[in-house]
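Chemist: Starting from the given sequences, assemble the full structure and let the hints guide the process.
Read in order, the letters of the sequence shown are residues 96 to 303 in the working numbering.
Hints are computed from structural coordinates only; laboratory data are not their basis. Treat the hints loosely; a few may be bogus.
[Claimed, not checked] Derived DMTMM-like pairs: lysine to aspartate or glutamate, alpha-carbon spacing no greater than 20 Å straight-line:
#, residue 1, residue 2
1, K276, D290
2, K203, E245
3, K200, E245
4, K299, E287
5, K125, D219
6, K276, E264
7, K203, E215
8, K203, E235
9, K299, E264
10, K182, D197
11, K276, E287
12, K182, D170
13, K125, E224
14, K125, D231
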Amino acid sequence: MRFGLPPGLPLEKADNTSGPNEDDDQPDIKTTYAHFGLAFYRAAVLEHELVNILAMTRLVSARREAERLLSDPWDDTFKSTMGKLVKQLEPQLQADPDLVADLTKALKLRNHLAHAFWRERAEDFCSDEGRATMIDFLVEARNLFQDVDERLTMTFGAGSMREAGVTAEVVEMWYRDQLQKVERGELRIPLEELDSARRLLLRKVEVR
96 MRFGLPPGLP
106 LEKADNTSGP
116 NEDDDQPDIK
126 TTYAHFGLAF
136 YRAAVLEHEL
146 VNILAMTRLV
156 SARREAERLL
166 SDPWDDTFKS
176 TMGKLVKQLE
186 PQLQADPDLV
196 ADLTKALKLR
206 NHLAHAFWRE
216 RAEDFCSDEG
226 RATMIDFLVE
236 ARNLFQDVDE
246 RLTMTFGAGS
256 MREAGVTAEV
266 VEMWYRDQLQ
276 KVERGELRIP
286 LEELDSARRL
296 LLRKVEVR
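Modeler: Following this line, the structure appears as structure tokens:
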């Protein structure tokens, strides 16, 4: 079993923070950049969860059909764009049309941030008022990515992990293995981030 760790801030820090200097009356350039980074980080976490669900579903299906997998389902799934990931997952989400709609909205918003946000906001970026408007938009985007990610995680993500036989004991074994790799110098990752991943995985397998 393989658990991926999305890069960047530990998840609890990203989830609980209200964002960099949101209360500033005159948001500066660095603050605007920071809000963009945090919003795009949340989009990356959502994309990673899509990969986890699809890869886990592939693994469960292979076990059920006694099929031998010739390649790592995570490696295969990471090759797809976020748009393709959403299309692959949509058939599993038909019972929750609101989630499908919000996931599609999140995809469009993520693509907008990646390809058009800075170009379309170039004039806003030149003034305090404009940057404040940009930050408001980025905070809303971040909240949407986080909301969709949590709904996916606590429904389909948690369910696919349980189907694959992932239990709290499996998570603890993985955690101890990761700690040993860190101690041996084979893995370079902050312990705080590793602990955060452990708590998130345990929360998934405990959801009923």
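Chemist: Now tell me if each hint is right for this structure.
Modeler: Here is what the structure says about each hint:
1. Using a Cα cut-off of 20 Å, the hinted pair K276 and D290 holds, with the two alpha carbons roughly 14 Å apart.
2. Using a Cα cut-off of 20 Å, the hinted pair K203 and E245 holds, with the two alpha carbons roughly 18 Å apart.
3. Between K200 and E245, the direct Cα distance comes to roughly 15 Å. Compliance with the 20 Å bound is thereby established for this hinted pair.
4. Of the pairs offered as hints, the one joining K299 and E287 holds, with about 19 Å between alpha carbons and a cut-off of 20 Å not exceeded.
5. The straight-line distance between the Cα atoms of K125 and D219 is roughly 15 Å, inside the 20 Å bound, and the hint therefore holds.
6. Restraint check: the Cα-Cα separation between K276 and E264 comes to about 19 Å, which is no more than 20 Å; the hinted pair holds.
7. With a C-alpha separation of about 15 Å, the suggested pairing of K203 with E215 holds against the 20 Å cut-off.
8. A threshold of 20 Å between alpha carbons decides the hint, and for K203 with E235 the separation of about 14 Å falls inside it, so the pair holds.
9. Of the pairs offered as hints, the one joining K299 and E264 holds, with about 13 Å between alpha carbons and a cut-off of 20 Å not exceeded.
10. Only pairs whose Cα atoms come within 20 Å are accepted, and K182 paired with D197 is accepted, the gap being roughly 13 Å.
11. Restraint check for K276 and E287: satisfied, since their Cα atoms lie roughly 15 Å apart, inside the 20 Å limit.
12. Under the criterion of a C-alpha separation no larger than 20 Å, the hint pairing K182 with D170 is consistent with the structure, at around 18 Å.
13. At roughly 15 Å between alpha-carbon atoms, K125 and E224 fall within 20 Å of each other, so this suggested pair holds.
14. Taken as a hint, the K125 and D231 pair is honoured in the structure, with Cα atoms around 15 Å apart against an allowance of 20 Å.
Hint violations for this structure: none, all hints satisfied.
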